[in-house]
Amino acid sequence: MTAEERKLYVKIKATEQMKQLMIDYYIDAKAAEGTDKPVCWITSGGPVEFLIAMDVIPVYPENHGAMCGASRMSVELAEVAEKMGFSRDVCSYARGDIGSAITHGGPIGGLPKPDFLLACNNICGTVFKWYQELARYFDVPLFLMDTPFIHKVKTEHATDYVRKQCLELVSFLEEQTGKIFSEERFAKVALLSVEAVELWKQVLETAEHRPSPFTCFDAFIHMAPIVTLRGKQEVVDYYELLRDEMLQRIEDGVSAVPEEKFRLIWDNIPIWYEMRNLGNLFASNNACLVADTYTNAWAVDIRIDDPLTSMADAYMKVYLNISIDLMVEQLLNLMERYDADGLVMHSNRSCKPYSLGQYDLAREVTEKTGKPVLIIEADMTDSRVYSEAQVRERVEAFIESLG
Amino acid sequence: MDDALARMMELRDDPFQWARGWKERTGSKVLGFFCGYVPEEIIHAAGALPVRITGDNRVTSKSGAHLQSYCCSLARTSLDMALTGDLDFLDGTVFVHTCDTMQRLSDIWRLNACFPFHVDLVLPVRFEGEAALEYMRLELANFRKKVEENIGPVTDAALSESIKLYNRNRELLAELYELRREDPGIMSSDQALWLVASSALIEKSEHNVLLEEVLEGLGGSSGQSDGKVRLFAAGSVMDQYDFLKMVEEVGGTIVDDDFCTGHRYFDAQVPEDGDPIEGIARRLADRGSCPCKYLPSRDRAGRLLDRIEKSGARGAIFFQFKFCDPHSFDYPYIKKALDEAGIPSLHLEIEHDSVSVEQLRTRVEALLEIVRGN
Numbered sequence: 002m003t004a005e006e007r008k009l010y011v012k013i014k015a016t017e018q019m020k021q022l023m024i025d026y027y028i029d030a031k032a033a034e035g036t037d038k039p040v041c042w043i044t045s046g047g048p049v050e051f052l053i054a055m056d057v058i059p060v061y062p063e064n065h066g067a068m069c070g071a072s073r074m075s076v077e078l079a080e081v082a083e084k085m086g087f088s089r090d091v092c093s094y095a096r097g098d099i100g101s102a103i104t105h106g107g108p109i110g111g112l113p114k115p116d117f118l119l120a121c122n123n124i125c126g127t128v129f130k131w132y133q134e135l136a137r138y139f140d141v142p143l144f145l146m147d148t149p150f151i152h153k154v155k156t157e158h159a160t161d162y163v164r165k166q167c168l169e170l171v172s173f174l175e176e177q178t179g180k181i182f183s184e185e186r187f188a189k190v191a192l193l194s195v196e197a198v199e200l201w202k203q204v205l206e207t208a209e210h211r212p213s214p215f216t217c218f219d220a221f222i223h224m225a226p227i228v229t230l231r232g233k234q235e236v237v238d239y240y241e242l243l244r245d246e247m248l249q250r251i252e253d254g255v256s257a258v259p260e261e262k263f264r265l266i267w268d269n270i271p272i273w274y275e276m277r278n279l280g281n282l283f284a285s286n287n288a289c290l291v292a293d294t295y296t297n298a299w300a301v302d303i304r305i306d307d308p309l310t311s312m313a314d315a316y317m318k319v320y321l322n323i324s325i326d327l328m329v330e331q332l333l334n335l336m337e338r339y340d341a342d343g344l345v346m347h348s349n350r351s352c353k354p355y356s357l358g359q360y361d362l363a364r365e366v367t368e369k370t371g372k373p374v375l376i377i378e379a380d381m382t383d384s385r386v387y388s389e390a391q392v393r394e395r396v397e398a399f400i401e402s403l404g
Numbered sequence: 059m060d061d062a063l064a065r066m067m068e069l070r071d072d073p074f075q076w077a078r079g080w081k082e083r084t085g086s087k088v089l090g091f092f093c094g095y096v097p098e099e100i101i102h103a104a105g106a107l108p109v110r111i112t113g114d115n116r117v118t119s120k121s122g123a124h125l126q127s128y129c130c131s132l133a134r135t136s137l138d139m140a141l142t143g144d145l146d147f148l149d150g151t152v153f154v155h156t157c158d159t160m161q162r163l164s165d166i167w168r169l170n171a172c173f174p175f176h177v178d179l180v181l182p183v184r185f186e187g188e189a190a191l192e193y194m195r196l197e198l199a200n201f202r203k204k205v206e207e208n209i210g211p212v213t214d215a216a217l218s219e220s221i222k223l224y225n226r227n228r229e230l231l232a233e234l235y236e237l238r239r240e241d242p243g244i245m246s247s248d249q250a251l252w253l254v255a256s257s258a259l260i261e262k263s264e265h266n267v268l269l270e271e272v273l274e275g276l277g278g279s280s281g282q283s284d285g286k287v288r289l290f291a292a293g294s295v296m297d298q299y300d301f302l303k304m305v306e307e308v309g310g311t312i313v314d315d316d317f318c319t320g321h322r323y324f325d326a327q328v329p330e331d332g333d334p335i336e337g338i339a340r341r342l343a344d345r346g347s348c349p350c351k352y353l354p355s356r357d358r359a360g361r362l363l364d365r366i367e368k369s370g371a372r373g374a375i376f377f378q379f380k381f382c383d384p385h386s387f388d389y390p391y392i393k394k395a396l397d398e399a400g401i402p403s404l405h406l407e408i409e410h411d412s413v414s415v416e417q418l419r420t421r422v423e424a425l426l427e428i429v430r431g432n
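Chains as they are written, first to last, in our numbering: chain A, 2 to 404; chain B, 59 to 432.
It should be emphasised that the hints constitute simulated quantities derived from the structure, not laboratory data. None of the values given here were measured: they were computed from a predicted structure. Possibly wrong hints are sitting among the right ones.
Straight-line Cα separation of at most 20 Å, SDA-like style, residue types lysine to any residue; simulated pairs [to be verified]: (1) K84(A) <-> P402(B); (2) K20(A) <-> V329(A); (3) K153(A) <-> F175(B); (4) K84(A) <-> F175(B).
In isolation and in its complexed conformation, chain A is listed as follows:
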């Protein structure tokens, strides 16, 4: 970090705890390989609460993909999959993950081998194709949780379908683990999950304060526990710590970007290999990215009185499983709550459900709020399609136009 960069950042003290939490998690997960502790690979939108309640270790290829991207190791892994015949046009998380499964490459030497797989298509159809390939490669069973897409209105029979699949998932897990599912245990885990999600919401909401103590670049890093470990006590403890630090910042008048002048919203998955540069670029132009559509994806509600039905609804209603008109409502809500001056959209070649429709979303947002939108063409982990000079120029021009 250069001296100039240091000025742009106020370090979040809780980061060390978060790092330790994730290191411990990965050490445990890697140590479980080959033991009688079952390991399940799961998609980021999947119902992890069932795994935690059955003492299954959840492993997230998407989180690993983000790590590979941030450490700029994704391209070499993707190339392994490309040599096998996977098109460069398919999701770079999937390509990198398939590559890493084969070579054990990446910053932590690959993920522990799965005993079974759980894919939930509430984030995309790609995860189902990707996990099908994993099921063939590792020769392990796959459970697909199918969450019907919501075009404007959610139907009762869709909720019922997902709820029934939750029960099928329970039987699947009982068969895989040889253990009996305990409703009591599940209720405890669901409660902890709700608590963690609520605290994560509170963390994100601290950025409503002007100036903001927190940026979406911080959120991208600190979301790791809510994605991977929600349902565990240590996650609840961690987000309490983080929330309190952010509230303290507000009290002390500390802002994430030293001279916050513009407040922006981010849309889509981060450009992992370019996070630091982009963070610096916006900060040095006095722009703070105060919220995003991505980390909000885990801010779902689960009702303890009817966990299965409410979970079915919650998992169906995530941001990527709803139609463009419903996404517009959420974007407008974010723009208003966070008092944003504009919107930055990452048009992500790897993620069609997130990216197709952005042009229409951008027009709607500008029409309804009068605020401008910047669209950056990139890929979340495949840096070969990224042009730093072009993005820099466009970001600077955009911020200049804000006033």
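Position chain B relative to chain A; hints supplied.
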């Protein structure tokens, strides 16, 4: 070429001319659709004509404002057709949840193309298991209700009648494929695939009459396929007839396929006894599956290999649109199975706005050389 076939072939230059003429004659409604999992029988029973939209070979002028360049050309050029007024004869559109792209195209279409009727049929992705099949039946019943509210009544009697017509059509198309497997010389592959595709553009009872005439007129082998290399082809939509003609020109002929506008379109029948919705659901689950659907007990590669063997094909062409994720994900696994079975194959990716048959010619020739050398 016999009369019926010649008349069918004339329609290929302007695929919607028949539908426009039908609408003028009858004053009835025409609904566009994209996916082969659309239960056309329900639309037909309501007195409307379902027509399939499969993109267009064109440079887009209007869809670029809505869809990125990394979206498949099937979606981009279809949207362009709607936005430039080429589909103004449609009274509505039916979208089935197929892939991530079609899911978003439905929203963009509804918000921008603005046809009077828009319906999303969110079929399950899982096609096995009681919960999935129950959901499928309820979603189909929900679809029937929406069609009834917006198009016209769908009585059980009318639905049974439509199912019979559609079953007859599938039977005739299956017969055509059977005849071509026996002797591909009776008709070229571009003609055969158009006979299937045109079935989704012409009212079924009329299409049945035409097909019957075509089949009756087939007077044995034309001898055209003598010495031609039998090939199998797989992909989603096959609407590139110049490509198919080129394959024939260089000495190949496609004797069977796994296109959703080919074999998958007429595969499996709706049981004619029992509840019609239940029967339609049964057929959708039974027919050859698209890579977007999850049927864990099925091995798609194994099924394709069986069909390759039965058709006597000695090589295969994977023909897909660029940026088609479901097919791209299945390709390495199916390719591997074909390699292991000693079936040489070729993988082609095209985009509707830059089709260059000449560039593909040498690659198809190379495949044929490998096959002949085997």
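Results for each hint:
1. Of the supplied pair hints, the one linking K84(A) and P402(B) holds, its CA atoms being roughly 18 Å apart against a limit of 20 Å.
2. Proposed proximity of K20(A) and V329(A) is contradicted: the alpha carbons are some 34 Å apart, above 20 Å.
3. Simply put, K153(A) and F175(B) have alpha-carbon atoms about 15 Å apart, close enough for the 20 Å limit, and the pair holds.
4. As the CA atoms of K84(A) and F175(B) are separated by approximately 45 Å, the hinted pair breaks the 20 Å bound.
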